[in-house]
Structures are given as structure tokens and as C-alpha cells.
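S.K.: So you can see what is in the structure, the chains are spelled out below.
Protein chains: 2
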Amino acid sequence: MASALRLLPSTAARLRFSRSLPFSAAASLFSPPSKAVLYDQHGPPDQVLRVADVPPVELGERDVCVRMLAAPINPSDINRVQGVYPVRPPLPAAVAGYEGVAQVHAVGPAVTRPISPGDWVIPSPPSFGTWQTYIVKPEDVWHKVRDDVPVEYAATVTVNPLTALRMLRDFVDLNPGDAIVQNGATSIVGQCVIQLAKVQGIRTINIIRDRPGSEEAKEKLKQLGADEVFTESQLDVKNVKSLLGALPEPALGFNCVGGNAASLILKLLRQGGTMVTYGGMSKKPVTVSTSSFIFKDLSLRGFWLQKWMNSDKAEDCRIMIDYLLALVQEGKLKYEMELTPFSEFGLALDKSLGKHGSQPKQVLSF
Amino acid sequence: MASALRLLPSTAARLRFSRSLPFSAAASLFSPPSKAVLYDQHGPPDQVLRVADVPPVELGERDVCVRMLAAPINPSDINRVQGVYPVRPPLPAAVAGYEGVAQVHAVGPAVTRPISPGDWVIPSPPSFGTWQTYIVKPEDVWHKVRDDVPVEYAATVTVNPLTALRMLRDFVDLNPGDAIVQNGATSIVGQCVIQLAKVQGIRTINIIRDRPGSEEAKEKLKQLGADEVFTESQLDVKNVKSLLGALPEPALGFNCVGGNAASLILKLLRQGGTMVTYGGMSKKPVTVSTSSFIFKDLSLRGFWLQKWMNSDKAEDCRIMIDYLLALVQEGKLKYEMELTPFSEFGLALDKSLGKHGSQPKQVLSF
Chain X
1 MASALRLLPS
11 TAARLRFSRS
21 LPFSAAASLF
31 SPPSKAVLYD
41 QHGPPDQVLR
51 VADVPPVELG
61 ERDVCVRMLA
71 APINPSDINR
81 VQGVYPVRPP
91 LPAAVAGYEG
101 VAQVHAVGPA
111 VTRPISPGDW
121 VIPSPPSFGT
131 WQTYIVKPED
141 VWHKVRDDVP
151 VEYAATVTVN
161 PLTALRMLRD
171 FVDLNPGDAI
181 VQNGATSIVG
191 QCVIQLAKVQ
201 GIRTINIIRD
211 RPGSEEAKEK
221 LKQLGADEVF
231 TESQLDVKNV
241 KSLLGALPEP
251 ALGFNCVGGN
261 AASLILKLLR
271 QGGTMVTYGG
281 MSKKPVTVST
291 SSFIFKDLSL
301 RGFWLQKWMN
311 SDKAEDCRIM
321 IDYLLALVQE
331 GKLKYEMELT
341 PFSEFGLALD
351 KSLGKHGSQP
361 KQVLSF
Chain R
1 MASALRLLPS
11 TAARLRFSRS
21 LPFSAAASLF
31 SPPSKAVLYD
41 QHGPPDQVLR
51 VADVPPVELG
61 ERDVCVRMLA
71 APINPSDINR
81 VQGVYPVRPP
91 LPAAVAGYEG
101 VAQVHAVGPA
111 VTRPISPGDW
121 VIPSPPSFGT
131 WQTYIVKPED
141 VWHKVRDDVP
151 VEYAATVTVN
161 PLTALRMLRD
171 FVDLNPGDAI
181 VQNGATSIVG
191 QCVIQLAKVQ
201 GIRTINIIRD
211 RPGSEEAKEK
221 LKQLGADEVF
231 TESQLDVKNV
241 KSLLGALPEP
251 ALGFNCVGGN
261 AASLILKLLR
271 QGGTMVTYGG
281 MSKKPVTVST
291 SSFIFKDLSL
301 RGFWLQKWMN
311 SDKAEDCRIM
321 IDYLLALVQE
331 GKLKYEMELT
341 PFSEFGLALD
351 KSLGKHGSQP
361 KQVLSF
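If you're matching them up, the sequences are chains X and R in order.
FYI, in the UniProt record's numbering the residues of the first sequence are 1 to 366.
FYI, in the UniProt record's numbering the residues of the second sequence are 1 to 366.
In short, the hints are calculated from the structure, not lab data.
Be aware that a few hints might be false.
Which copy is meant is left open, because identical chains are indistinguishable; a pair holds if it fits in one copy or across any two.
List of simulated lysine-lysine pairs, BS3-like, C-alpha gap at most 27 Å [as the list claims (entries may be wrong)]:
#1 Lys-283 <-> Lys-267
#2 Lys-283 <-> Lys-238
#3 Lys-35 <-> Lys-284
#4 Lys-296 <-> Lys-313
#5 Lys-241 <-> Lys-284
#6 Lys-307 <-> Lys-238
#7 Lys-351 <-> Lys-218
#8 Lys-307 <-> Lys-241
#9 Lys-307 <-> Lys-35
#10 Lys-296 <-> Lys-267
#11 Lys-137 <-> Lys-198
#12 Lys-283 <-> Lys-296
#13 Lys-137 <-> Lys-355
Make a model of the complete structure from these sequences and hints.
M.R.: The following block contains the structure:
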């Protein structure tokens, strides 16, 4: 069996290859025809994206063919299509999407890793082209994951939860009892930060926007384990630290908003603290007083998961994915998503673009 | 001689102590009467500072009495008097001034360090109260320095040149051939950065204000060893890096201005670079785009010499002072200053406050 072509029984009949050829001719194994979301030029996603049939792809001896199960629409996917993301797939006929979970459909005869048809796998590090029904890539691309979690969590574990986990680990040595502060706390990264911090015994101070429903949003975050949640206007006081009560002054802050919401983090941080910027939802820059640098000794840094991934961290990445999916399985990591069938891609995209008001994260279900 | 009271011959007669007492009674040795610049409350320096007679101070057995030779008026001295500096001497009757050079006048009988009357010494780390004619402090305060450099250099070596040296060492590992960028390049710290970098084979890209005489200022900085000098408006181009010619993109930048001049440093820095803020001459904050943090991976830090001094760096500080004064002696470190007699303190202060237009750094000569 080790060197045999392994196929899911139900699909074996659909693959064409000549039984009369010697075994090396197994290289003529092909994927099923696939449907993909493509773009030929950068621009508004609802104008430049198209769903197209993609012809079967030949499997190399160490290739694995997977059938996608689920893939999210992340803001960075939108930015790549728009052409405003620094790393983008080459045009034309770029397949969109960057993360997701798949089921192994067939493996080439020389595949050596313990990956079998039926297994759930994740492209790890993530890579371009997850918005399509079948994908063929070398075995090294795929990381086998547990299949006892909801498919939408396996599909989204690599970008948002892993960002939260890395930011908690890479900048400041935190000990149980320490506190951190973040804005954009209702984002999925924000929710992951709260829950992952809680697992480590780290307290979280959370900043959210002033808007209708902010009391309900506060309650939701507290149910996830948030220690304190403030709206921006609540922090608009002179002695902001008096609001912290028994919580220690935070040594680390996460900013995904910019503008005033970033300044509030700088105000709350303790002497010598660090603020990490990983997003700019307000589209406003970060503004910092000279004394914050000189007398308060604050450090300002940035985090970009894609750069971290590029620095030869494949094995670390896989260990973290397993850790995060274990937390999901234990009920310690959750966030709201909506599964939308791939056949309704246009609807899922419109929801992601905000055309239907505030919506949960869209995850394409194949 | 080791345990004898040592005095400068010319002043021995002026000190009163009873020759009939046993030697331990040398503790009743007093400094000469002194004149000091004092303040009793914070406020505008030209209103709250006063020159006053200070009574003789008793020397302890391990005290050293010095006669000040020269002490600069630094911007931080002004800020301490104004009350806007985070660390200030207690009021009332605080003696102003923070650095300077002195000549040893007398040493207590139990002084063990090789400090003798006539030696030049520097309070190192610097400490409050250098704007007075005689000072008594424990022997550990004083660092003996060479006396073959101009007195104004010994008086000013600790704050500005040491800031430049530390900033070159503490943030980024630089190798010969690397480049750095700074704004406020005509400041004394800026001039020191240029010269200290040159000693290490590091190239400097310097930013100065647009103003009448900027061509002359450029020429002066180039004579000190600056590789490139630009006015802010010259850098107001889209492809700023095309101006660097053969210079490598800088990994480190120093900001003492803020506002647009800080943004220009961020533009010039290479991917993953660090900007260190140590001043805010424009009184404008530092503004940073989200993408500078995420995609360009810039780090923003601060430097404050007084905090560095507090972290138990006395020995390091003294080694650096010796190194810097050796460079002065070799003609490799220079900057413009004006010696003004202590008797004309009011004039020196007015010049430092900008009342007489742009003036060189004022150094009080005692």
C-alpha cells in the first residue's frame, strides 16, 4: 500500500489513467475538474472576480490532490484582489483565497508523509488559491489536522487565531497575572486574544467603538473572558489608569484601529510598554507624542503574519495550529462565523464587502 | 600623605579648621563660601532663577570639595527649572545645572580614590547643582578626567556626546559601511552623531530645516564628515531613496524634531529599520502609517540619557567619557560653544532662551 496510489473509494472511478501502463505512469493521474474564483487584474473584488471552470491538473508523484471543504473570506484576501497588499499572486488567472481546510482526495505514488485519502489537511504555511474546489500541491504543503472540530474553525485557524497567539508570545514576556490592552476587541483576532490570554492567566483590557449595541458587545466579550471592556469615550478621561482598578498596568498593547483608539492604548500602557500594530481599521495613522518615547520609554512595533510565516516557521506554525484546534475542541476558543455555500460566492463576497451591514465572517463551504 | 587633608596650596590658608584638634576633627573642614543659581519654584527661568550666596558646607571624611570650572546651559536644565522635566531636584532652594567640569579644591582625610587637589573631575553620572562655584559631594560622585582639552568640552561631554554615542550603540548592530539617518543634524547631538559614526566607518544621511543659510549649514556638516545633507523640502519627493545614490538604505534613524522631519526618517529607513526619538524640537508629534508598522516592519523607540544613567551604568559612563574626551583631544569631535563668565549669568541665560537670536551653546565659565 505504501507506494500505491491511494484514492477516496468514491472518487477512484472518476480518475482516468491507463491500467495497462507500468506503475510509473501513475504520473498521468489528474485531479477532477475544478471550479475556482479567479481574477486577471486588480480592482474592486465584486468587479474583477469571476467563478470559472478549471481543467484537471496532473499530479506529480509526490503531489496530493485535495477537495476543499471550507475557506474564509479574510480582509487580506480582499486587499490582495484590490492590489493593495504587498504580497500577491501573479496575474492573470490568479486564484483568490489564502487559507482553508480540505479533505485529501488522492495522493501520488511516492508520497511519504502519513497523509491518506479522507484526512483533513490545511495548507501550512497558507498559500494562494484556496477558493477552488480541487487543489493539487506537493505533499509538503499539507498539514494533517484533527477532523473533530467544526469545519469553519479548521478553515480559519491559520490567519486570525495564529496572529493572536504570536502577538502574545513574540514581543513581551508575559506571566500569569500580567495585563495586556487591545483595541478592536470585537474583531476575531481580538476575541482570540481575550481567550488565548485567559488560557495563560493573562488579564485583558479591551477597547471597543462607541456605537449602538456597545453594551451588548461588552457583555459578549466578558463572556469570552475579558476582564475589562471600555468604549473609547469611557477612556476619554484625564486619569485613565484610575479605571484599571486592581488590574496591573499593561506592558503590551495590540492596535488594529489607529487614530484615537491607538492613542488610548499608549495612554494605558505602563512605563517601558510595547504597542504592536497589526491593522488600521480606522484608516487613521498612529500619532505619538515625543514624551511617550523619551520619558515613558514606549516601543512601537508591527506584526504581519505573512512575514512571520516567510521566515522558515513551517514547523512552529503546524504546532500552533494543532494547539489552537485543541482549544477549539475543548470549547476554549470560539468566534462567530457564517458558512455560505460556494455556489453562492457572490452573496458571501457582498456580505464580506459590507453591502449587507455588519455580518459575521463569511466562510465558503464547498 | 594618603590620609592627610590635601588642599590646593593657594586655598589652604582660606580654610578654617583648628590645628589643635586631633586629626579626626578634620571633619570640621568647610568649603569656601559659594555663589549658586537657585530657584524656589518652577516657572520661566528668567523670572524664578536667582544668583545667591551659599554658606560654606562641611566636608565629610570621604567628601571632595571642587571648584567649578565650566558648566553648560542645556535645554534640559531650562526644562527642569520650568517644571516640565520628569526628574527634578526638590524645591525650594534647588541649585540649577546638571553637568560640568570642576577642579578639585580639597579632599577629606578618608578619601581613597586617586583624586588630588588640582585634578579635573566631572560628576558622573551627572547630578543636580552644577551652577555654583564650589560643590561638596562624596568622592564616588567624581570622575577624574584629562585636563588637556578645552574646558568647555569637558564641561559638556556627558549629556550631548554621550547621548549620540549610546544611540549609535544601543539599538541596531551597525557595521562599517552601514548608513544611518537623522534629523536636527545641526544640533550638538546631531554633530556628534556625524563625527562618532565617521570614527566607526558608518555613513550618515542628515536632514536639516529649510531656512536662510541652509547651504552654509550643509557645508559645515560635510566638513564634520556628513555623507549626505538634505533640507526637508529636498526630501519631499516620491522616490526618496533615489536620492541616496550609492549609500545603503539606513537601518537606524534618530529623531529630535517630530512632525514632518520624523516622517522623512520613516520614509528613508529600510525594511525592518528602527527610529529612535530623543527630542521634539518642532513640538509636533510623530505620525506613523499603519503600513509602516505592518508591511515595512519599522520599530519606534525612545532614548533618554537620564534613564540610561539611572540603570546602574556609572562605570560604563566613565569609560565613554574618557573615550569621548580622547576624541576631542585628537580633533575628531568638535562643536561650537561660547564661554560666558558666571558673573554674566543673566546674559548667558537670555542667549540660551533665544532672546538674542540663534546663538551657540552657552557654557558658564567660573
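S.K.: Work down the list of hints and note, for each, if the structure agrees.
M.R.: Verification of the supplied hints:
no.: 1; hint: Lys-283 <-> Lys-267; verdict: both (20 Å within a copy, 19 Å between copies)
no.: 2; hint: Lys-283 <-> Lys-238; verdict: both (26 Å within a copy, 21 Å between copies)
no.: 3; hint: Lys-35 <-> Lys-284; verdict: neither (38 Å within a copy, 54 Å between copies)
no.: 4; hint: Lys-296 <-> Lys-313; verdict: between (34 Å within a copy, 19 Å between copies)
no.: 5; hint: Lys-241 <-> Lys-284; verdict: both (25 Å within a copy, 25 Å between copies)
no.: 6; hint: Lys-307 <-> Lys-238; verdict: between (38 Å within a copy, 25 Å between copies)
no.: 7; hint: Lys-351 <-> Lys-218; verdict: within (24 Å within a copy, 56 Å between copies)
no.: 8; hint: Lys-307 <-> Lys-241; verdict: between (34 Å within a copy, 23 Å between copies)
no.: 9; hint: Lys-307 <-> Lys-35; verdict: neither (30 Å within a copy, 61 Å between copies)
no.: 10; hint: Lys-296 <-> Lys-267; verdict: both (10 Å within a copy, 25 Å between copies)
no.: 11; hint: Lys-137 <-> Lys-198; verdict: neither (37 Å within a copy, 52 Å between copies)
no.: 12; hint: Lys-283 <-> Lys-296; verdict: both (26 Å within a copy, 17 Å between copies)
no.: 13; hint: Lys-137 <-> Lys-355; verdict: neither (34 Å within a copy, 73 Å between copies)
Hints 3, 9, 11, 13 from the earlier list are contradicted by this structure; the remaining hints agree with it.
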